[in-house]
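Chemist: One-letter residues, chain by chain:
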Amino acid sequence: MTKTHSVKPDKQATYDVLKAEVHRKAMDEIAREMGITLVRTSGSPVVTEAKDLSCAVLDEKVEQIGFATYVGTHISTSFLGVEAVLRNYNLEDLAEGDAFVVNDPHTSGALHEGDVGVIMPYFYDAELVGWGYVNEHSLDIGGSGVSGFAASARDCFSEGLRFPGIRFMQKGKFNREWELFISNNVRAPSAVLNDMRSMVAAVNTGQRRLSALINRMGLKQHREFCEVNKGLSERLVRQRIAALPDGRYTSKDWIEFDGLGEAMLLELVCVMEVAGNELKLSFSGETQITGPVNGTLPVVLGQTMNTLQCVLLWDVPVNHGLWQPITIDVGPPGTVVNSTPPAPVSFAHVGAGMRIDKLVRDVLTQAISLSSDPAIRERACSQPCEGIFITTLSGVDNRTGHPVVIFPVSPTVGLGGPAQTLGDGQDTYSNTCNLGIGMAPVEVDESTTPVLILWRQIQASSGGAGISRGGNGMTTAFQITGIREMSGTVSNNGAEVPPRGAGGGWSGSTTQYQIRSQTKLAELVANGKLPQPDTLGGTVKDLPANTTVTVKEGDVFFVTNGGGGGLGDPLLRDATSVARDVVDGYVHQAVAQDVYGVVLSEAGEADHAATETRRSEIRQQRLGRAPSRPIHTQGNIEAGVGVRIHKDTWLCGYCEHELGSVSDNYRSSCLERKGIASETLSALGMYARARDLKRLVISDYFCPECGSCVRSDVSLENEIIVSAPEVSGVISEVH
Amino acid sequence: MSGDRAGIGEDMSDRHLIGVDVGGTHTDVCVSCAGTLVRGKALTTHDDYSLGVIGAIEVAANELGKDISSLLLETEALISGTTVVTNALTELNGAKVGVLITRGFKDTFRFAGGARRALYDDHLQDNPPDVVPRSFIKEVDERIINGGSVLVTLDEDGLRQSVRELHAGGAETFAVCFLWSFYNPLHEKRAAEIIQEECPEAFVTLSSDIYPVGRDHERFFSALFNSFCQPSAVRLLDTLAERLKANGFAGHLSFFSGAGGAIPRELVERFPLLLLASGPAGGVTGAITLAKRMGLKDILVGDMGGTSFDTTLVMDLQPILRSKIDISNMPLGLTTIDILSIGAGGGSLAGVDNRGVPKVGPQSAGSMPGPVCYGRGGSTATVTDAAVVAGYIDPSNYLHGRVSLDLQAAINAVEDFGANFGWDADQSINAILELTATNMADALRAVTIERGQDPRECTMFAYGGTLPMFAASICSRLEIEHVVIPRHSSVFCAYGVMIAKFLRRYSRSVQKPLLDSDVIAEVARVRNEMINQASEEASAGGIPDSDCNLSWSTELKFQDQGFEIAVPLSDKVFSFEDARTLAAAFPARYEEIYGKGTAWEGSTVVLVNVNLTMEAERPVPSINAVELSGSNADNAVKAQREILLPGGNRARASIYDGAGIQPGAAIAGPAIIDEDDTTLVVLPGWSCRRDEFLNYIMEKDHD
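Read top to bottom, the protein sequences are chains A and B. With our numbering, letter number 278 in the first sequence gets 360, and the count goes up by one each step, no holes. With our numbering, letter number 492 in the second sequence gets 557, and the count goes up by one each step, no holes.
Hints are computed from structural coordinates only; laboratory data are not their basis. Be careful, since some hints might not be right.
[To be verified] Using 20 Å as the maximum straight-line C-alpha spacing, the simulated DMTMM-like pairs for lysine to aspartate or glutamate come out as follows:
id: 1; chain 1: B; residue 1: K203; chain 2: A; residue 2: D616
id: 2; chain 1: B; residue 1: K637; chain 2: B; residue 2: E594
id: 3; chain 1: A; residue 1: K611; chain 2: B; residue 2: D220
id: 4; chain 1: A; residue 1: K101; chain 2: B; residue 2: D491
id: 5; chain 1: B; residue 1: K389; chain 2: B; residue 2: E620
id: 6; chain 1: A; residue 1: K776; chain 2: A; residue 2: E761
[Said to hold, decoys possible] What the simulated footprint calls covered on chain A by chain B, stretch by stretch (three residues with Cβ under 8 Å from a Cβ of chain B suffice, anywhere in the stretch; the number is not a length):
id: 7; stretch: 396-408
id: 8; stretch: 522-532
[Said to hold, decoys possible] Computed spacing ranges between beta-carbons, pair by pair:
id: 9; chain 1: A; residue 1: P414; chain 2: B; residue 2: P578; range: 52 to 62 Å
id: 10; chain 1: B; residue 1: S200; chain 2: A; residue 2: S805; range: 39 to 49 Å
id: 11; chain 1: A; residue 1: A772; chain 2: B; residue 2: E334; range: 55 to 65 Å
id: 12; chain 1: A; residue 1: K362; chain 2: B; residue 2: G487; range: 31 to 41 Å
id: 13; chain 1: B; residue 1: S616; chain 2: A; residue 2: V486; range: 36 to 46 Å
id: 14; chain 1: A; residue 1: A95; chain 2: B; residue 2: S616; range: 54 to 64 Å
id: 15; chain 1: A; residue 1: Q600; chain 2: B; residue 2: E334; range: 49 to 59 Å
id: 16; chain 1: A; residue 1: N480; chain 2: B; residue 2: Q261; range: 40 to 50 Å
id: 17; chain 1: B; residue 1: G235; chain 2: A; residue 2: S272; range: 55 to 65 Å
id: 18; chain 1: A; residue 1: A95; chain 2: B; residue 2: E707; range: 22 to 32 Å
id: 19; chain 1: B; residue 1: S616; chain 2: A; residue 2: S272; range: 33 to 43 Å
All residues carry an ideal CB built from backbone N, CA and C; glycine is no exception.
Bound-form chain B, shown alone (with noise of 0.2 Å):
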């Protein structure tokens, strides 16, 4: 399948598929069907995510006058995104690891997060924690050198002395890290067998399996975290499984990993790593289907909810990615997409920082106690707070009224957040939602200057809970004119997740000068390795080879630099004749990035990597247009109301029902819409229409 206009007009069967979101706080399904989309929330269940999920799918199912076995049995998919895998990193709370590593380099693990890890404040420039005591890992005599040649032969009998102290000790799981063995892996596969030998039972990681490149660092720690998260990531699986099956699921059961793709489960199995970042992400795949069916190319994506605000920017409909992620300073490699996160959501808290100057979040009041205005016992002034009292939010009519707020409360934490400068109400207000919107402006500003790319070019997709109330405040700032607010907002990931294909992407090091003679067989042997190891992974995940669909890059630079530049690659053999080709072409490919003058002339190429992107299509499902009817919306107001606009200024604006708005009706700001699970903001000078899939368009007026 492909086309502009994915999904529309398709047949459509009558099977089910369904997205699921395990966020934090939240867990969030969509679930697709005959042409229309439900969804469902549930709070998340963090001793057992499984629960979370029925629960969220049981809503969904009463939305459709369904019962859960009903709707699962008709059910042909289920994919899931999951936050267990960030979790159980982020939080160091996971599977004790036996470490094997090459003799001499067992400290990798206390250095690799960098030797500074602070700019200025001593205090935060402190040893990295121990993912696992020093004494389980244990140095191996074996050394292979750049080339792969062996120059120390695997001690076997030293390694599995090593291994059988480590078992003794306690080790649940292994590790094996052992210098260039992306190159030869030789030693690593040989450890395998020896654990195998000494634990049959246990599960082993090889470095050169889980990131084959030529970054030590990196390996190991993928290496070590994907032996770490997999006792949390398979039980998730099997009690998801089992749950599902005695709900009456015979679907197909697959995952969402942080690359923004699908993955069968029996790949999560091995790698449970490759759900790392997966959360955010399907908010991404969603918002690039949603573009691709709009004619749009260039997107900034932005998702804030009540902790935090991640955002990315989309070029030409592709989504950025990364290779290398960090947690708590320790470097992972792992291609995921690349999103930046920053402190700021509806949860975050106003104070006073040390210089005696307002500031908004990091820290937040998360769901509990949550903000003032829940009546949970929080004290201190949030951004949600804030919204209530500017009028944005209506108290009694709080997430379709099933919670009800304590405006006399938002109300007094706001002003004694503004008794710190001697500011009313209103100018506390204001202080609040305006630092909010420059912090986000900020991380936009990064995630598209500093790339080269401006962000007036793009449109904005805003989603999550809380940003359609910030979207056109933050957009002003970077005169940002257009912005779309999908349909289910507050469920967009879920909604992601349901719609995204299969996907891996691989990678293997080549390091070599482009035009060196050796270059034709290296590329050669990697593509093939890669080739097998997808052709592998995908039959394991019940795809046939003739679905997947494989997409060649490499990477280029010039001897010594620091960064490279991706190249996309035939998937014909690959010549001199192309090496050639290539080296001649990249100083113009270089200076089209980096301006005028800057190619290294007569510097030699090198080719650094050659990657693989796998894809296959997945059953996706039509959504079905709606006739543009409605021209104005004047029937769906059903208030007017004061409300703050930027800058501290009162005006009253008319409070319109989500559900009213038809499609193809416009409305001027100001003007607020209360969707189920969210708030629109229309600022004056801002207008907003709703399209034929009932998604938001707020766009900027011009004169």
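In isolation and in its complexed conformation, chain A is listed as follows (with noise of 0.2 Å):
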């Protein structure tokens, strides 16, 4: 059960607390009408069924005040591009019927060019009183790339139109030269201009319930109320940020491109600060390069708020409030995490953006297992898989001579969860960035697409061991079929870095593809036999992980979706749970013997004697000697506390055995198992791609009293140690 953690009333309000939360669902309900008018005047699938869009209200502040979206990230995507509008226009000149397109990642706001969004500024009496803004991803934007994705753009210039926040609509009419500039440089122009129609319609809706809410509530009460509920969400900000032990946290993690020739490896590091209520997140990278995954203020912004709402503030009410006590620190120009044109984006928020999730997860989880309320320890996590197949495809239709484009989604939602305290990681889960969109049936992709689908199972043991286990990934394949050649972009952003566990849980597989040539499907298909991952057979094409591709009709595309990392020392999950994993065929066996040292009976229940015994002996295998103490009883352990601090020491979170000051690291006074990635992880039956240079390694640091894994880390080879938390607050208790 979720424990809850909230603030107390305020007893002393000088407003009327009723009417104020009643204000507060009607802003939601403003945002989400939009949002309900966007999808039923759509045409564009990427809209209708992905559901990629959001809405936001704002004030004349330009600050939030209501939003809905089915893609989180968005979150930042609004504010930014009211920013730009009014940088580039004079408030006098704004009119009622004014709507504004912003597309630019660099100036106004989107997370990559395909985002396309309408701004409109909102009137009551003639007076400004906030703005409307609508935002979906279009299925085109011209450019070198399909839909926006511009794998081999080397400049922002050659990704597609971009959009800094100028007039295309004034008194409610399309400006006629827009309106042909646009349809002119675009792939797919009536459905363009359709969906930028579509989203006025939804912004208009906005301004219409506006306008009827003000009505009833008096615009000095309406503002009164926005100011109200966005120090509503601010409170319950600060304490659950107060909860979080003062100090320093750190995590790094790295952007994988190999598009360029060279198979890079771009440090991004995230340092997180609380003090008090107060939270700083900065985040430094290498120079930028000319591939499309830099990072931009928008990805940064909208992923790492994205993020904190995930893991600390799941229930708070959207506006304006919640980044009152949060500082985003993106660092200087030009670097992978804060670019600047020339730089290519549009990947930012998959190659830039799903490594801020690690990141933001990994410094949150090390302050939340360390907090002295078990509700916000409660809420420890691994980092899930960010690995994500990404393919745009075109060709022609052998039989009716018709140019056919593919963008198959459902392999890019099909990944490993992370694991919770409350349970294992999702199988299958869909990372924060990519959240609308779900999978769609095997007969509706193989009705639209020209794919015969192979299989789509759970890939067993790929998500990382742990008290909870981390969701494991999908692996599926699909043959092209009745299309001679087809040809496009490919691309997967990570195959090489495990995403890590938790509390001593351990790393996760990442994520791998393959297009394979003359397979065996025929000969078995002919033997009344279809393909599985083992027999399917044929050559693999020897490719980089980012390209330009071209394949043949019968090819088959063969993916398989890395894990989530797990959460706390797989020595001590249930043995129950282990058993039934194998049973289902969710973990393997010999994943269960050497890595959970979970012996089966013949009816497949968990020995319990066998068990135990199997476990000490791998302690002692840790350790080269017989544990010297003995772990807590299992009550008394909580999956995510690796590591406590009593006083000013280091505790092991499994038996309490002093692991040094707080002032230095507690790795030193583990014992260390170091091994390279791929090697680690192939060990297991599991996978990261194997690198040449910049070797990445898995590091386990064991109690050296108990033998339990405290934490395992991933970190490149020649990196000495990990830091630690640097805990400068007084932690109130030992819990």
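Fit chain to chain and form the complex, with the hints in mind.
Modeler: Here you go:
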């Protein structure tokens, strides 16, 4: 059961508490109705099926007061967009019926150029009272990649049209010049223009409903309640932050990009500082590159806030109050975090963005696990798989002679989710910048795209081991049928860096894809058999992870998504759950034996006595001798809490043995086991792509007394030690 | 039978009809007898639902001065709505199902519920529950592809082996889930034969039988859940039939489906899943009949009981249907009336949310411990407690005096809640009532505005034990000016069930461009299939073909679009000429809905599905109209009491005894009308009158 963490009501409130709450619900309803209008008027499946859209209402201070979305990362885009409009136009030049278009990630808030936003000022009695904002992923935006995914672009100028917040509509009439210009520069002109019109319809809905609300409440009270509700959200955010120990928490991750020849690992660092009820997250990174994975301000702000929401602020109503106690520093311009033109950015949300999710989860969980509040500790989590396989291909249908474009989204959503204290990570999860996209049924994919899907199965043991297991990813394969040749982009942003576990939980697998030719499919089928991952056969094309390809009819895409990290030392996972996972085929028997230390009987049940023995053996192997201290009884163990602090000393989370002063790194007091990531995972039947240079290692740190794993790191081979939390605040008690 | 004034003035036989609604807390019955209706209520008996049904019928028989066996002997038909399948599915308490599925796809049930299960909260981002353990799902070599041709022939030996293993492992029922089987059911049918050979007694569902539509996620879950709920449904069927027979019933027993119509028992035995969501659908059927009689077309329907508020929109007397339904995020393909349910009822709990602001629901005190005023151990204020302290409910006359209420306990609980905010009792009550009304108004907005309908153009039908108290307050927020509170508000679902027609809906996928050369043959093929199925099912249920009324529709969309639009289809043979006409008319039809300039000019029109609705009349009771005699209801005033009005002020209101209000009499708000199982609140600025069928009509006054 989720524990709650709440603030006390304010009895001295000078406003009408009840009416303020009704006002908040009304603001959310307005944003929701804008979204409904958009979905119902749009012709684009990106909107109607994948729900790649968001809607916001802002007040005249350009602060969010209502928000509705299916893609949480969009949370940063609205105010950055309006700020861009205000840089380009004087306030006195704005009038009712004006509409502005934004899609430039470098200047006006979009996550990538494919996300087109429409902004309109809201008036009441001729007075500016706020702004309406709607954005959606457009079917196309011109440039070198379909639908804005321009893998081969080496600068932002070749990625597509870039609107920095310009007026395309006055008095409700589409400017003819812009209409002609846009339709001359995109691949699906009527669809793109209709999308813009339906966004205008959606923003108009917001204006109508806001006016009606102000009519009822009066402008003064409306403004008062906007502030009240920002304050209420802010108050809860501050209280959540205050429950984290003051200090400095660090994490590193790497953008993988091999589209420029060399297999690059571009380092990103996140430092989170907690001071009282304020939080600061500072990001830094290597120099920006000429591949489209560079980060931008909207991506870093949006992904940081979105991850904070999922982990720490799960129930806080969205408005400007969320941002008040939180500072996000994107560092100096010109890096892979904070790139500047001409850096290409059409994969920014995937390249840099998904790394931000991993970093923020890591630093948050380090702090959360040291909180004295059990409701906060319960939010500890591992990293999810953030490697997604994207391909966009075009070709000509053999039968009709028509051009065909495909963007198979189903493989992008079957990732392993982060392990939670309440239970295992979700198998076939979707990461947070991919929220609304569900997995289409096989029959829908096979009838709308020229593919035959060979399987969709959970990849056993792909999730990292732990007290709570990381979610398993999906393996799927599809064959191109009915089209002689297709060419386009392939991209995998997470083949090498495994997602980390937390609290001593282990890493998950990474994502891999292959294109196979001359498979045994026809032969198998002729013999009445369907192919399986191990019988498909064929030759594997030798390809980088990010490149352009040409495939032939009959070629098979074979994608295996990675898993999430685990939470807590796997030796402490309930043996019955491990046995059930083996029987159900979610975990391989060898992993059960060697990682979880669980021995199964003939009947597939956990043999508790044999398990006990096996687990002692594993502890001995870890320490090179018998443990000298027992672990706590099961009841005191919390998945996610690998180390604790008592006074000025680190303690093992499992036996309370002292692991040195808090001013030192607890890892120095542990026994370390280090292995090359690809080799370590491969030995467990898992996967991470091997590197020649800048190799990645997995280091497990064991308590020297009880032999429990208190932390498992993923780092570069030459990194001496990963930094530990530098806690400066007093932690009230040992829990 | 047809016409606007259904049922009135018809020759009335002295044979009775009984409608039953087995709900979570109460089992309600409605009995029609010689032009009048009586109701019965009993507690639902969860270990054997038939006991509660018999109990409720006994109450009604008492009312009529008969014993149960003479009532049942004179009963021509009994039709039952039931929550048994809904419960089996929501509690995931059902059979061990052995599943046979196309090789490569056994994890469909794990991920079909969607990759994101919550917008933000990580703790809701978990694995769906296993309906059956993964080891009960066996993959089989066989593959049919788009278009229906066989790529890999069914491996019969392998299948047989799997069936034996599942049977040995304890599988009680089976589900067969093969890709593209809706196009070509050959392999699924052969699998059924093999299962029958191996386990002759076993119940089997084929996905191509239960949901022959091209969406494997929904189709596979439908097959799985049909076999999952079958044993509990059959138990109900058997015990109910037996017990009714033992009490003298010799009439026709049928059931009520979530699609809003009666279905014969024989059909339920094959497709028990049709009973899913049957409860709330009954009220919608009743409201439509009532609206038709009153000459209304567009209505909003609301039902509020102890735990939830259910609402839906009816436009042009047609319920809005959905073709998919989610059970704990698992998608089922099943046509049901599209009812939105939120956690707002008499038992909804008042509290403080995490930001320190007041909230009501969605948690409920349920029937145990129930509201604080019930005195059964509840200590947190509920909506009912607020209504008692607000003066709406007379604590000494609740449910006709059957339950006595503890006013002081309610006051204490409400004050405890208000103390969080420094409020006095009236401020606290006002907050509870206002937030409840706001939540319900938001739900009404979702079912109207979301579908492009202006709520102000609708009449609200408000029933259930609790809603007549809130109807005027909710409607004021949405500027709805007309409210109907049906005479048998508290058993209105049972009434709707009683008067339902036989109804069955079928759907087949076509998924081809409308002007493709093979569309004509394809439409003819699926129509034949559906006609045969309809005829077979009707005759199994004892309904002659000649009584069946068939209506057809199709769904069209522009190629690659996500949403399709229903278009009626004539019952004549579908010709190429018809296809051309439909294709030519579609852009205009599309723009009618989405506005000028939105049609995808020049884009291919795709025929997605062909749908068939089969209806057959059942005997319908006539209800005698009463002469409109009263003009005022002064003699029905039994007391004066202070009540709390929205906004937090108290005013003196007349309290009326509903039994004494004559048809035609009008009452001006503020007033309270006490009915047997419910309470009406007439707000200032509203008035209420009784019509010739003893329904209450509440209307906003115009100055």
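Chemist: If a hint holds in the structure, say so; if it does not, say that too.
Modeler: Hints, one by one, checked against the model:
no., hint, verdict
1, B/K203 with A/D616, "18 Å, holds"
2, B/K637 with B/E594, "15 Å, holds"
3, A/K611 with B/D220, "8 Å, holds"
4, A/K101 with B/D491, "15 Å, holds"
5, B/K389 with B/E620, "15 Å, holds"
6, A/K776 with A/E761, "15 Å, holds"
7, 396-408, "holds (count 4)"
8, 522-532, "holds (count 7)"
9, A/P414 with B/P578: 52 to 62 Å, "55 Å, holds"
10, B/S200 with A/S805: 39 to 49 Å, "45 Å, holds"
11, A/A772 with B/E334: 55 to 65 Å, "59 Å, holds"
12, A/K362 with B/G487: 31 to 41 Å, "36 Å, holds"
13, B/S616 with A/V486: 36 to 46 Å, "38 Å, holds"
14, A/A95 with B/S616: 54 to 64 Å, "58 Å, holds"
15, A/Q600 with B/E334: 49 to 59 Å, "52 Å, holds"
16, A/N480 with B/Q261: 40 to 50 Å, "42 Å, holds"
17, B/G235 with A/S272: 55 to 65 Å, "58 Å, holds"
18, A/A95 with B/E707: 22 to 32 Å, "28 Å, holds"
19, B/S616 with A/S272: 33 to 43 Å, "36 Å, holds"
In summary, the structure agrees with every hint in the numbered list given earlier.
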